[in-house]
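Chemist: Each chain is listed here by its residues.
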Amino acid sequence: MRQYVYTVPVVQLRDVVALLGRFPALAGVDLDVDEGEVVLLQGPNGAGKTTLLRLCAGLIPPASGEARIFGLDVVSQARQVRRRVGLIGHATGLYRDLTVLENVVFWARASRVDNPVDAAKAAMDRMGIETRLADLVVDRLSAGQRRRTSIATMVVRRPELWLLDEPHAGLDQSGRDKLDALILDAAAAGATVLVASHELERVGRLSPREITIAGGAVVSHVS
Amino acid sequence: MNQSPSTGPNGAADSSDTNDTGDTGTRTLGVLCLLGFVLVLVLAFGLSEPDDEQNDLVRIMYVHVPSAILSYTGFVVGALASGFYLWKKSLAADLLAHASIEVGVLFGVLTIITGAIWGQPTWGTYWDWGDVRLVSMLVLVLLYVGYLALRGVGGDVNTRARRSAVVAIGSAAMIPIVRYSVNWWENRTLHQQASLTDGKLEDLTLFTLMTSIVVFLLFYAWLTTKRFRLGWLEHQVTELGLDEAIAQRRAEARTGVDAAVGKSPHSDTVREGREA
Amino acid sequence: MFRDALLIAEKDLRIEARSRVVFSQVLPFAILALVLFAFALNADRPVLRDFTPGLFWVAVLFAGLLAIQRTTNLEHDDGTNDALRLSAIEPASIFLGKMMAISVQLLALEVLLIIGVLVFYGAAIESVAGGALLAVTSVVSSVGVAAAGTLYGALTAGIRGRETLLPILLLPVLAPVLISATRSFDDAFGSAAVNGWAWLALLGLFAVVYLTFGLLAYGILLEES
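Chains as they are written, first to last, in our numbering: chain F, 1 to 223; chain D, 1001 to 1276; chain A, 2001 to 2225.
No lab work stands behind these hints: they were computed from the structure.
Just so it is clear, CB atoms sit at the ideal spot from N, CA and C, and this is done for glycine as well.
Mixed in with the good hints there might be a few duds.
Claimed, not checked - Pairwise CB distance ranges (calculated): (1) F:A188 <-> A:L2216: 42 to 48 Å; (2) F:R22 <-> A:A2135: 28 to 34 Å; (3) D:T1255 <-> F:D185: 37 to 43 Å; (4) A:L2006 <-> F:S76: 29 to 35 Å; (5) F:E201 <-> A:M2001: 53 to 59 Å; (6) A:M2001 <-> D:V1237: 40 to 46 Å.
To be verified - In silico negatives: residues of chain A with every beta carbon more than 10 Å from chain F: (7) I2015; (8) R2045; (9) D2050; (10) L2066; (11) L2074; (12) G2079; (13) A2083; (14) L2086; (15) I2089; (16) G2116; (17) F2120; (18) P2167; (19) S2191; (20) L2215.
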């Protein structure tokens, strides 16, 4: 494991418990992730991967334990944390009645990206969204095209921490390759990436570090 | 009319039967309420005189007016407790708001019922839209029924507390607006309705009313404390279950370690892939 | 903050312009309500004319409820709520933006329904002052209803049974708006001798209270657990 003694870990979880209603989805997670790392989260369904990612995004507060992202407390400094992270979850985060371009531009604007239209077009290009799709309403896209658009809305914000929940689901071969390239580039540029995925071989090639989660806690580290 | 004698003994029975929500303080309060209700009964039926205009009908005022005051107290305390919850995130304040508003709704309904009972002989009808106070109370009770409905949906405790707090404060802000608009609205008919508290009250009548108000407020304190403790106990029970669930989940994680170390063909391939 | 609010409002209105849900479903519902009222009151023109203001505002509130539900659900169907929370937009701006979008939709609804009652119920605007009162009342009521609606819409969003919970929470809150706006329209249509401008002040007070409350409280409702 790489050790950055002098920097604050990007993700720093200490005995974190998180509840979904009354169900403890996370029960005692300890985790450190340093800047620029790509970490693969794996584990069976219901292990708590999604909750862990949402917690790191500052969307769910820990019920107990300490959670710091970029050294910021996820509860008291939630807003600072949130605007620096990007999350790809199960929901698309897209407005069905807006076009692909309108969606990406809207989220770029919502995150105060400079030149939102150019940035949006660049992000769409990187995800291989053809220009003929740009003016199509999201409702008429296939699941794979929606996933690409969804990823583009995250990429355009240039987050420092990428939280990806089964991001390859629904993508075709070229989409997966594009996503992998994006992840590697982002990591090289200093972004930190957490990927929950069952696509082990694919993500394994990206990731020098692998974490298994079961029963709401980290049960093994492999680096 | 029969409200005070029936609620008194019921309440006392509660406090002596259950030890969980009672202690010396609430028991003292309960006994005080009981004695107070006996005193109010004696004053209301024995000592106070019939009204010049309303005769014996005036006696329902000793239940009606204190109920209305208690109801408003419940709503206002509910809003204050909700504000405190949002400030300090203290779940106890949330449960107090719930208890207070529930009692407030109960007595709001009692206010409406006693008002209607009084209205039948006075106006010749159970309901008259000209009575500003009753119409306002009806709107407010409906408003707070929404609050109770929201609380009944379940879900995460903190989410529920936050949403309920917003509704409790918003509803309290409605109290003056509702009163004002209904008051104004009623004036369109330009007839001044006879009201329970119209006219000068005689000394003993006023004394009876004041005594009843004090006793009802004590009763409010007693009921709200009880309801709050019940809510707190319910909360404790779910917390208890939660600790167990967390312990279970932790145990699950420990067995997960063995499983992961023992057999995980996928992680092997990943490791090979990476070393290669 | 205002720029972000405009971004949100523009987005919501653009979605409405595309999907036309309010235009093609909510508006017909409101007109249907006007027709049903006429049946219920035995299509008696003088009665309908006298009760035009009340019937009008009941139709607006029920139809408005649907429009509010539609606009709030936009943020809950596809996880855009989470994306908004991760964005740089303050909750107060989101509130303001959605409130503006709903206001515009309500106002459009009211304009079309006013034409409806002029035609169906034989209501008539007596004077220029009446017309002005009508216009200002519509605007102020729309803002008040939209402010309360945006707040309560976010409150019930994501709850199972939100379709039934929103009306029971929101309609009692809007009762004073119904009373005030009806009285104000009574003046505008000349169906009762009241001072509509005084009622307008009450509507204004309501709008200010709920705008302020919404700006302060909306952020609380966006959080979960």
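Chemist: Next step is simple, just say for each hint if it's right about the structure.
Modeler: Hint check:
no.: 1; hint: F:A188 <-> A:L2216: 42 to 48 Å; in the structure: holds (44 Å)
no.: 2; hint: F:R22 <-> A:A2135: 28 to 34 Å; in the structure: violated (52 Å)
no.: 3; hint: D:T1255 <-> F:D185: 37 to 43 Å; in the structure: holds (39 Å)
no.: 4; hint: A:L2006 <-> F:S76: 29 to 35 Å; in the structure: holds (30 Å)
no.: 5; hint: F:E201 <-> A:M2001: 53 to 59 Å; in the structure: violated (48 Å)
no.: 6; hint: A:M2001 <-> D:V1237: 40 to 46 Å; in the structure: holds (44 Å)
no.: 7; hint: I2015; in the structure: violated (4 Å)
no.: 8; hint: R2045; in the structure: holds (41 Å)
no.: 9; hint: D2050; in the structure: holds (42 Å)
no.: 10; hint: L2066; in the structure: holds (17 Å)
no.: 11; hint: L2074; in the structure: violated (7 Å)
no.: 12; hint: G2079; in the structure: violated (3 Å)
no.: 13; hint: A2083; in the structure: violated (4 Å)
no.: 14; hint: L2086; in the structure: violated (5 Å)
no.: 15; hint: I2089; in the structure: violated (5 Å)
no.: 16; hint: G2116; in the structure: holds (27 Å)
no.: 17; hint: F2120; in the structure: holds (32 Å)
no.: 18; hint: P2167; in the structure: holds (25 Å)
no.: 19; hint: S2191; in the structure: holds (40 Å)
no.: 20; hint: L2215; in the structure: holds (16 Å)
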